[in-house]
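Number of protein chains: 2
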Amino acid sequence: MSIEFCIDATSGDARAGRLITPHGVVQTPVFMPVGTLASVKGVPQQTLEELGVEILLSNTYHLYLRPGVEQVRAMGGLHRFMSWPRAILTDSGGYQVFSLSELRKVNEEGVSFRSHLDGSSHFFTPESAMAAQIGLGADIMMAFDECTEHPADRQRARDSMELTLRWADRSKKYFEEHKREVPWAQSLIEAGQTTVEEAATQALFGIVQGGMELDLRRESAERTVEIGFPGYAIGGLSVGEPRTLTQDVVAATVPHLPADQPRYLMGVGTPEEIVRYARMGIDMMDCVLPTRAARHGLLFTSEGKISIKNAAYAADDGPLDPVCHCQVCSRYSRAYLRHLYASHEVLAMVLNTIHNLTHYLDTMRAVRHSIKLGE
Amino acid sequence: MSIEFCIDATSGDARAGRLITPHGVVQTPVFMPVGTLASVKGVPQQTLEELGVEILLSNTYHLYLRPGVEQVRAMGGLHRFMSWPRAILTDSGGYQVFSLSELRKVNEEGVSFRSHLDGSSHFFTPESAMAAQIGLGADIMMAFDECTEHPADRQRARDSMELTLRWADRSKKYFEEHKREVPWAQSLIEAGQTTVEEAATQALFGIVQGGMELDLRRESAERTVEIGFPGYAIGGLSVGEPRTLTQDVVAATVPHLPADQPRYLMGVGTPEEIVRYARMGIDMMDCVLPTRAARHGLLFTSEGKISIKNAAYAADDGPLDPVCHCQVCSRYSRAYLRHLYASHEVLAMVLNTIHNLTHYLDTMRAVRHSIKLGE
Chain Z
2 MSIEFCIDAT
12 SGDARAGRLI
22 TPHGVVQTPV
32 FMPVGTLASV
42 KGVPQQTLEE
52 LGVEILLSNT
62 YHLYLRPGVE
72 QVRAMGGLHR
82 FMSWPRAILT
92 DSGGYQVFSL
102 SELRKVNEEG
112 VSFRSHLDGS
122 SHFFTPESAM
132 AAQIGLGADI
142 MMAFDECTEH
152 PADRQRARDS
162 MELTLRWADR
172 SKKYFEEHKR
182 EVPWAQSLIE
192 AGQTTVEEAA
202 TQALFGIVQG
212 GMELDLRRES
222 AERTVEIGFP
232 GYAIGGLSVG
242 EPRTLTQDVV
252 AATVPHLPAD
262 QPRYLMGVGT
272 PEEIVRYARM
282 GIDMMDCVLP
292 TRAARHGLLF
302 TSEGKISIKN
312 AAYAADDGPL
322 DPVCHCQVCS
332 RYSRAYLRHL
342 YASHEVLAMV
352 LNTIHNLTHY
362 LDTMRAVRHS
372 IKLGE
Chain B
2 MSIEFCIDAT
12 SGDARAGRLI
22 TPHGVVQTPV
32 FMPVGTLASV
42 KGVPQQTLEE
52 LGVEILLSNT
62 YHLYLRPGVE
72 QVRAMGGLHR
82 FMSWPRAILT
92 DSGGYQVFSL
102 SELRKVNEEG
112 VSFRSHLDGS
122 SHFFTPESAM
132 AAQIGLGADI
142 MMAFDECTEH
152 PADRQRARDS
162 MELTLRWADR
172 SKKYFEEHKR
182 EVPWAQSLIE
192 AGQTTVEEAA
202 TQALFGIVQG
212 GMELDLRRES
222 AERTVEIGFP
232 GYAIGGLSVG
242 EPRTLTQDVV
252 AATVPHLPAD
262 QPRYLMGVGT
272 PEEIVRYARM
282 GIDMMDCVLP
292 TRAARHGLLF
302 TSEGKISIKN
312 AAYAADDGPL
322 DPVCHCQVCS
332 RYSRAYLRHL
342 YASHEVLAMV
352 LNTIHNLTHY
362 LDTMRAVRHS
372 IKLGE
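Heads up: the sequence lines are chains Z and B, in that order. All residue numbers for the first sequence refer to our numbering, where the first residue is 2 and numbers rise by one. All residue numbers for the second sequence refer to our numbering, where the first residue is 2 and numbers rise by one.
One thing to keep in mind: the hints can contain errors.
Any copy, or any two copies together, can satisfy a pair, since identical chains are not distinguished.
Unchecked claim - For lysine to aspartate or glutamate, the following DMTMM-like pairs were computed, each having C-alpha atoms within a straight-line distance of at most 25 Å:
{"no.": "1", "residue 1": "K310", "residue 2": "D119"}
{"no.": "2", "residue 1": "K310", "residue 2": "E71"}
{"no.": "3", "residue 1": "K174", "residue 2": "E227"}
{"no.": "4", "residue 1": "K106", "residue 2": "E50"}
{"no.": "5", "residue 1": "K173", "residue 2": "E71"}
{"no.": "6", "residue 1": "K174", "residue 2": "E50"}
{"no.": "7", "residue 1": "K106", "residue 2": "E214"}
By construction, these hints were calculated from the structure, which means they are not laboratory data.
The task is simple: from the sequences and hints, build the whole structure.
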């Protein structure tokens with residue numbers, strides 16, 4: 002067994018369910034906080050647990066560069082390395098290579114690129130990206146894809162989609178042959194707690210590409226489903242296109258993904274957007290927005306977005322968000338948060354991140370509740 | 002009432018006691034973590050409470066510059082501003098002006114200096130430093146002193162000591178006339194919960210100076226005691242002198258301070274030093290060392306000091322300190338802490354600080370326990 006997905010309630014296109022992973026149950030629709038380098042910046046794992054985080058996303062590209070996959074594997078995989086007993090998803094590295102690395106060159110075999118850290122040369126193939134993700138040992142890993150740039154002409158979008166499909170095939174093949182090598186299964190087998198046959202494995206999700214061409218998205222979805230994965234992601238969005246176009250692409254893709262399998266929309270979005278996409282039938286989302294914005298003093302509240310650096314808050318004795326029950330809103334004033342931010346205090350990043358994550362997680366809790374009530 | 006000090010046990014020169022402040026009881030000997038800008042860098046107040054911190058130190062000079070005393074006073078004082086219900090001590094600003102500011106000029110009236118933040122001009126007098134500390138509203142505030150530089154010749158040390166004595170007199174006079182203005186007393190009076198006569202006030206401590214001249218230290222102690230304060234600090238140490246000299250000065254000063262009043266040694270020290278000074282009869286200490294060192298990856302353990310950036314820890318699966326029960330040592334490996342530090346993750350500062358503070362607080366717990374056992 003790798004994962005199971007159960008849909009408990011639907012309302013329109015939206016579904017509320019449970020994703021059962023080797024490291025616990027994830028209630029969906031879910032927003033996954035981003036812990037790029039095996040840490041949600043500034044927030045201790047204990048606090049993440051208290052916030053009710055059930056699944057984290059970590060970035061293969063970053064962890065591959067630092068501390069290195071072998072390092073993490075030797076420590077028993079990501080869960081043990083970062084002391085996070087709940088579920089983890091790793092991305093394929095494709096998007097990060099696309100957005101962060103330098104001198105990127107794509108050919109049939111894979112992508113050569115230079116590290117954004119030290120300029121060193123690297124080469125990712127579907128096989129090496131799978132090997133890296135197996136070494137990291139997340140519960141869910143992603144097929145290696147090419148994230149098509151925007152804008153891209155139709156031929157380019159098709160070529161890129163075809164490449165991603167061939168890479169999906171290679172990803173699955175490598176994964177099936179090597180999935181027993183995941184570090185936590187190995188240690189359970191060695192401890193006699195399970196057998197090679199019965200040990201849980203990771204789950205590999207496919208990724209739909211196709212640029213902004215709605216018919217290519219449909220084709221990509223259908224052909225990725227043909228290869229066959231336990232879950233499907235919609236990639237190649239949030240790459241600079243208008244938000245309405247993102248929505249159109251999602252709307253054109255969702256109907257061609259299996260209704261009984263999890264659907265993951267990568268890299269979105271604002272609090273309003275994650276609600277909208279959940280309503281459209283998306284089950285999983287991730288975004289750096291709540292955590293990155295927090296570090297820049299941008300805070301999401303029930304009354305809208307607040308820039309805490311604003312001098313107007315210097316004498317504001319009230320809580321950041323009067324209806325939020327997080328440890329930040331229940332304890333500190335806007336004046337204090339403004340002071341911390343203006344003084345470049347580390348605690349500003351910590352508290353702001355805790356609040357923004359709470360806002361996102363509460364938003365998703367409300368969405369799940371609404372779906373169950375049939376609203 | 003401002004503070005009460007009860008000695009519960011002695012062992013040699015060491016004493017274990019309780020300092021009862023308007024914001025709770027502080028068990029002594031105590032190490033006070035430094036929260037310069039109304040925050041112990043990176044650590045939420047809730048965590049400080051869980052660590053058992055009973056008193057924090059905050060810096061008047063820094064808070065005066067940012068966010069400003071009036072801002073804090075308007076928010077009800079430091080306790081309410083930073084949401085810290087337990088005791089707080091503020092320094093006088095004298096040491097910070099001495100060590101941080103530019104173009105400092107001292108005359109009989111006070112000190113003119115330029116802000117280290119923006120170069121703006123300011124003037125501190127004993128009266129304005131008292132007004133600032135009353136506005137901040139810490140439980141314990143410090144007389145305004147001149148921190149004599151090291152080295153200083155005998156005449157310079159005497160002149161500086163005499164100035165500090167005159168300023169101590171002026172500090173006490175201003176404090177006695179204005180101590181009812183502390184923001185938390187005012188709000189209690191307005192709420193009808195106490196009367197002007199019965200409201201708790203802050204406690205003002207005197208500071209002994211005298212450079213490294215042992216007879217001047219004695220004279221400074223005796224004449225400061227003559228002025229009369231509910232507690233006494235030994236200032237002007239840890240200014241670059243050899244550690245053995247610091248110890249000699251403390252040894253020469255302590256016998257001339259009242260046995261039944263708290264003794265506060267400012268700005269020390271290492272874990273070994275805080276034990277040594279507690280043994281010499283010191284009741285209160287503060288130092289940026291555990292928190293600042295943490296941010297530079299220097300960690301105090303039962304096995305000595307560790308530089309977590311060391312590559313040797315990259316594959317070290319063990320806890321930072323096997324006998325430490327803090328949330329960091331119980332959850333994370335040295336390998337993970339090394340990774341966080343090497344990757345410049347904010348969480349490195351948070352976790353390292355929590356561990357170092359635990360080490361210091363546990364050290365003082367052990368000291369108090371030993372004194373009570375008569376060891």
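Structure-based check of each hint:
no., hint, result
1, K310 with D119, "between (33 Å within a copy, 18 Å between copies)"
2, K310 with E71, "between (42 Å within a copy, 19 Å between copies)"
3, K174 with E227, "within (14 Å within a copy, 86 Å between copies)"
4, K106 with E50, "neither (40 Å within a copy, 53 Å between copies)"
5, K173 with E71, "within (22 Å within a copy, 64 Å between copies)"
6, K174 with E50, "neither (35 Å within a copy, 53 Å between copies)"
7, K106 with E214, "within (24 Å within a copy, 71 Å between copies)"
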